[in-house]
Structure formats: structure tokens, C-alpha cells
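Fit chain B to the given chain A structure using the hints.
Sequence lines, in order, name chains A and B. Numbering-wise, the first sequence is residues 1 to 439 according to this note's numbering. Numbering-wise, the second sequence is residues 1 to 439 according to this note's numbering.
Don't read these hints as lab results, they were simulated from the structure. A couple of the hints might just be wrong.
Which copy is meant is left open, because identical chains are indistinguishable; a pair holds if it fits in one copy or across any two.
[As the list claims (entries may be wrong)] List of simulated lysine-lysine pairs, DSS-like, C-alpha gap at most 30 Å: (1) 59 with 3; (2) 43 with 229; (3) 246 with 33; (4) 59 with 75; (5) 334 with 424; (6) 67 with 33; (7) 229 with 246; (8) 334 with 165; (9) 246 with 374; (10) 424 with 374; (11) 75 with 424; (12) 424 with 33; (13) 374 with 165; (14) 3 with 165; (15) 297 with 246.
Nothing here was measured: the structure is a model prediction, and the numbers come from that model.
Protein chains: 2
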Amino acid sequence: MTKPNYACDISQALETEIGPGGLTGPAFDAALKRAEGAAERLKQRHAAGELMLTQLPSKRDDLADVKVFAAALTKDTTDLVILGIGGSSLGAQALAQLIGWGLPGYRSPDDRPTIHLPENLDPLTFERLLASCDLRTTRFLIVSKSGGTAEPLTQMLAAMTAVEKAGCGEHLRHHFFVLTSPGDRNPLRQVADNHGLPTLDHADIGGRFSVLSNTGLLPAELLGVDGEKLRQGAASTLEATLTDDKSPVVLCAATTVGLLEERGVSLSALTSYDDRLQRFGLWFRQLWGESLGKDGKGLTPLAGVGPVDQHSQLQLYLAGPNDKLHTIITRDVKGEGPVPVSDFAAGPLSAYAGTTMGDLLDAEQRATLATLAKNGRPVRHLSVATLNEEGMGALLMHFMLETILVADMLGVDPFDQPAVEEGKILARAYLADSGKSAT
Amino acid sequence: MTKPNYACDISQALETEIGPGGLTGPAFDAALKRAEGAAERLKQRHAAGELMLTQLPSKRDDLADVKVFAAALTKDTTDLVILGIGGSSLGAQALAQLIGWGLPGYRSPDDRPTIHLPENLDPLTFERLLASCDLRTTRFLIVSKSGGTAEPLTQMLAAMTAVEKAGCGEHLRHHFFVLTSPGDRNPLRQVADNHGLPTLDHADIGGRFSVLSNTGLLPAELLGVDGEKLRQGAASTLEATLTDDKSPVVLCAATTVGLLEERGVSLSALTSYDDRLQRFGLWFRQLWGESLGKDGKGLTPLAGVGPVDQHSQLQLYLAGPNDKLHTIITRDVKGEGPVPVSDFAAGPLSAYAGTTMGDLLDAEQRATLATLAKNGRPVRHLSVATLNEEGMGALLMHFMLETILVADMLGVDPFDQPAVEEGKILARAYLADSGKSAT
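Isolated chain A (complex conformation) (with noise of 0.2 Å):
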């Protein structure tokens, strides 16, 4: 029985540990009776090959394409943004995350491109970013599954602007690459071919389940992250998952479902003590919210960060309405960062002589995860030893499988989004009655 790469500790969810806010012990029999058949579903359609995510992991014929198009990429560039929304950046960004990307103090090394996720469409962000590149040195990786996504085309359209303003406009393919879906009838691919742009067929995986997928793992290639330990920690996941009858995946789907149908806890809150899981808490979001969100159910992701949130939600989170199960991520921190100089640590400070920041981060995780069990709100504990590539590779997993039998057992399908369409539609309508129009 493979071991996946963290640690999951649900008792605190449980009204054994934490009294009534808890679940009773026949509801978590009963809900973990039901989580495993999910995942013998989910066995069975791995089994026939049905699923791709649940290939993913053990696939490795993609990398090289990766490889070689991530050369081309980064070739003579300074500056590289990447162009998608959803599912075609919020893995990404996760992923990115894991070195630091995004953070207080990160730079990148002198010899890669700096990366760019503008993600969200504000038009003064968008020409305030292309300002701040050299063009002739900035290449644009448009990434779209259908290829007709209206937010990347649109930023796309005004970087192609931008770049021959610039007097490179011979040269659009060597500063415009795609990661689509093959097709005739996708726009951003008749693009693609009409200007001889390189182009990099999309996996068959739909957005916010593609982060193992070429859409994941070709920006983690483009940053130094190594997408074949990604897979090995994912594999640790799915493997526990289709081994395990009582693996760490199959006992949150328990507790998830058991706690909102015995007690009415409709919210899954996230907090993550490490800064680098930030964007995967956003990643979380989609993935839960569109996956879970239909028929009038599902159940809205929080997303939040260690001690920030602890001087932001907390409150709310003891006090407040006992809605919520919380899940806790956390690494070894203990003895991170340096000693203070006794000179300074002293008087008023004296206290903090010897502690480091890494000290008392520790103190903090372990303390909230104490006082939210104590106040009887219901808290899983997951924890890595080192965040490195196969730790988020293995909570990525975690939380996609967890997704689809949580979907199973509330009997919705977790792989589409049909309520979005209408806004689409009435936005390119608004579009059209001002003149103009966009698909």
C-alpha cells in the first residue's frame, strides 16, 4: 500500500473530539460507507481507462514536447506572460508558487525569463504590464482549451497591438505561442495557423482538473519545477486512493458530506500556513465552487493564509456561525529562519530570545488547530513534511479526487459549468448592442 506524500488527521472533525459540533459516529459510518462506494466508482472508471486525471500521474510521454516547447519559449526572452483564465492559469499559478513566484521579495534567476499570469481582464493592469516589457525580448503564451475563451483573445489581440506598435509586427510567431485544443472550429487555433504561430496540442482535460496536464506542467517547466516529481506525488495520492479503503482522500469525502448533511456545514475553508499555497487556495476555489455549484448544491470554498487569517477570520471562524469545516495545511517549520542577536531580543523582547520565526509559526498552526477543536468547530489536519514538487503534486490529487467522490456523493456531475454560459452569452450581446460584438 503506497503511502501518499502528507499526513490527514479528520478526528477533530468528529463529535467523539469535539462534541456537538462534531459528526455523530453512525453519520461519519454511514457517510464513509458511501465515500467508499464513490471510490470504487472511481476505481472502476480509472480501471477501464475512462478518466484522464487518473492517468495523468503515470504518463510521462508528454514531458519531452513540454520540454522542447518550453526551450523555444524562453530562448533569448526577458520577459514571458502567460495568457489564460480559470482553469488555463489557476494551476499554473499554483505551481509557480511553489518557488516562490508571486511572493514578497521573489526575483527571477538571472537566467529565466521573468514570468508573467495577468490572468484577471483590466484593461489598466493589462497596458501598465505590456509598459513595463521590453517587447522586442517578450514572448506571449496564450493558453485555451476551447480556443474561444473572450478574456485571453482579447488580451492577446491587444499584446499582437502592442508588439508591432513596437515594429515587430513580421514577426508575431516568434513572440506569440499557443497550448490549444486541435480543431477546425477553434478560433484561437485558426489564429495560430493563419500567423504561423508555434502551437502545442492542449491535453483532452477540461481546465480546473488539467493542472497535471501540459497546461500545468508547461509553465512549471518554464519556471524550474519539475513536473515528473509533480506526477510522483500526484501517483501517491491516487494510488492510496484506489489501494486504501480508508485513504486520507476517502475520509475528507466523509467528513465533507457527513458534516453538511448531519449539521448543515455548508462552507470548506482552507487555511494554508505556508505562503507558498496561497494561489493554491485560489486554485481551490475554482476547483470546489465550479465542480460542486449546481442543482442548488454544493457546498463555497474559503480560501485563506496561516497567521494573516488569524488576524482576519478567526474571530468569525470561532465565534461566528458553526458552518464551516475547516482543513488545515502545514509543514515542518519548526527552527526556520535565524536566532535573533541577543542584544536585541532583550528587555521588553526577552522573550523572544532564541525563538525563531519558524518557532513560532509553529506554535501558531498547532495552537489555531487546537482552539478551533476546543470551540467545537469542525478541523481536518493535513500536513507535508517538505512542501517540495511531490507534496503539491500529492494535495493537488487530494483535492481533484476528493472533488469528484464529494460530486458522487451529492449526485452532481463535477466536470461541467452550465450555469456560466449565460452570462457569456448575455455579455456578448451587451457587446454587440453597443456596435460591436466578441465571441
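Structure of chain B alone, referenced to chain A:
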């Protein structure tokens, strides 16, 4: 009657407009009456000079000190690190983002230092940040009202230790500046006095309501954001609330409490269609969560941004449980951004000819509002014509006053946060257990 620097439309939170998901007429009338009562009590406290928050918009006598202190902090400074957490940081982050700080492509102007607001306590991030700065020309501003908050004190000790290692240990008073309350029992104040550090007195107002005091205005000054205009904008909201029975603040407090009590709408979801309100959303999260989440009461805040959340949370918002009151903040964006070159906006992208990024954003923000309402999801619309200091000040004051009115209507004290003390005590105990301790 003063008109505030923003417009507010709550009609799509009402049953008459959106059907059964909305507030019925009688429930709205009853909630409005209670909101008016809460506003009347606010007026009385304002007239009695009891609330520092309502004095700040007309205050000017503290601005000169802020400017002098800011000038000393920025003289010959390359990097300026502001250390604070929660209310001592979130308001500053919200104001900093008004000029694009923290967004893709933002760089400090050449004549100003680079501003860092790390806030969270992660040893890897903090070490990376220190390593990225030239410590000889880096200054640190420590913000803590009580002067006893463990996170910024720990960060300060790590920074002092690094500054000494860089050979500047004799010059601490040129590197460390302090914003804290007066008082002999304040540990940070004692440290400042012992080392002769420049110190500015923290205004006597709690963290999450302090953005318009020197806690927010000092960082604003450092970034070139005009504090006087922020206060003018805040004054517009305050004046409207004090003089108009049906002010936006009163109408919003009524819809919040009305929907909570009539429909069980226990989440308040803020979505901003301007990147420069991303940190504003995090500021709102603390304000709302920590002020209202007590005695088993409270509403859980959600904060997100425009098009990104359409591709992440909108499916859940439209088709999941109807448990959220949405607030959409927009500004006039139509026409912003370049018109794409017609050679590019051709063929499969011909629909984009003549369309700017601002046109698409405008269509999307309107479509999201309409689609939420059409799906029976209660939604409020706040709009500013231009997101400048006046607009930002008006929005900040809106949410602080609405929080106070909602707290009054729910019968909770918006200014305390009693539950989090337990976790702090436990963290100290864990730290002491490991042979170490901190206050």
C-alpha cells in the same frame, strides 16, 4: 444633502425585481426602519464626539506629522518594508493598490522607494525578501497599535539581526521606524525608546477601522496617494449617512440584515471589477468577519475579482445554494485599452474588431449583474465613475459604516475580537513548552 462619491442600487436584492430569492416588501420596510434606528444612534455618537472613525474625515491636523515622518522614512531609501498584520496592514495594502502596487507590471517610480508589505509570517518568504533588498539603504516601518503583536515583533527582530549582519548595527535608528500607541507598557515603544528609533503615535482607533488614520495615511503618503482626498471621499459617504434617511449605507445595512433574517442569506460576497480593489477585498474580509462574527452570529465575507471569479465562482453563485448577498463594484471602463489592429482582429477574431478590453469588461460586469438577478440571486451594485482617492475613500467609509450599522442591528459589538485571544495564549504556551516563549 451631500452626494457620496459612488452610486448604489439595491433594487435587485428585492423580491419585486428578482422573485423569491429577494427580500419581500414588508421585510425590507421593517429592516429599513431598524437600519434607520441604527443610523440615528450613529448620528448621536458622532455628535457626542464618541467615535474616532467619524471624526477622521474632517481631521487635517495630523497630516503635517505624517508628511514629515514619511519624508524621513524615504530619504535615500531604496526599499521600505512595512511590518504589520491584520488591521495594521490591510488598509495600507488597499490604499497602496490604488496606484497599482502589487498588480502585474507595477514598478515603483524611480524617485520613490520600493514598498514591501509582507504581512504574513513565513520564514522562507521573509528571508527571501531580506535577501532581495540592499539592507544598507532599506528602512523598516513597524506598525502595531498595542506594540505587542507577536508577528511584526518577530519580523522586526529578524530584520534587526540581518541589518546588524550587513554591518549597520550601529545605525538602527536610521533603519527602523515605529508607529505605535503611547504608553510605558507598550513593548514596541520600549524597544523604540531603548534604541532611539523615530516614533509616531498611533491614532487611538482599532486596526480594522484605522485605514483613514495615520495607519493608512502614512503608507499612502509613502506611495504618493493623497490622504486629504481620501478623507474628502470618506466625508461624502459620512455626510450622506448623517443627513439622508435613505443613504446607500442605510439601504445596504437593511438589505444585509433583512436577507439574513428572512432568507437565511449568511454570506456576503464582494466582487470588484477593478484589479485595484483586490486588496480592498481582503481589507473588507477582515472588517466584516472580525466585526460581526461573535456570539454565534455573523455573516461570512467572500472577496473576489471580476472576470476571474466569473471563471471560478460564478457557477456556484448562480446554481449553488442561494445563501449569498452579492455586492458588485464597478467603474466606468468602456473604451479603455487600445483598439486592436484590424489585421489581427480578422478572420476567426473579426467579432473583436473595434472592441477594446474596456468594452468587454464593461459588457461582462453588466452581464454578471443581470445574470445573478435573473437567477434570483440578490445583488447590490456599487459604482464609482473614477476609482481615484475620493472614490476609494467613499467606498472604505461605506463598508465601515455599514459594518457598524449591521452590528447594531444584530446586537454585537463591532469593535472587539474576544475569541482570538484564546489562540494567542495557546500559541505562547506551545512556544514556552518547546523551551521558548514569546508575548
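Results for each hint:
no.: 1; hint: 59 with 3; in the structure: within (20 Å within a copy, 62 Å between copies)
no.: 2; hint: 43 with 229; in the structure: within (23 Å within a copy, 61 Å between copies)
no.: 3; hint: 246 with 33; in the structure: within (10 Å within a copy, 54 Å between copies)
no.: 4; hint: 59 with 75; in the structure: within (27 Å within a copy, 56 Å between copies)
no.: 5; hint: 334 with 424; in the structure: between (48 Å within a copy, 17 Å between copies)
no.: 6; hint: 67 with 33; in the structure: neither (43 Å within a copy, 65 Å between copies)
no.: 7; hint: 229 with 246; in the structure: within (25 Å within a copy, 59 Å between copies)
no.: 8; hint: 334 with 165; in the structure: between (53 Å within a copy, 23 Å between copies)
no.: 9; hint: 246 with 374; in the structure: within (26 Å within a copy, 43 Å between copies)
no.: 10; hint: 424 with 374; in the structure: between (45 Å within a copy, 14 Å between copies)
no.: 11; hint: 75 with 424; in the structure: neither (37 Å within a copy, 50 Å between copies)
no.: 12; hint: 424 with 33; in the structure: neither (40 Å within a copy, 39 Å between copies)
no.: 13; hint: 374 with 165; in the structure: neither (62 Å within a copy, 43 Å between copies)
no.: 14; hint: 3 with 165; in the structure: neither (55 Å within a copy, 43 Å between copies)
no.: 15; hint: 297 with 246; in the structure: within (26 Å within a copy, 36 Å between copies)
When held up to the earlier numbered hints, the structure conflicts with 6, 11, 12, 13, 14 and fits the remainder.
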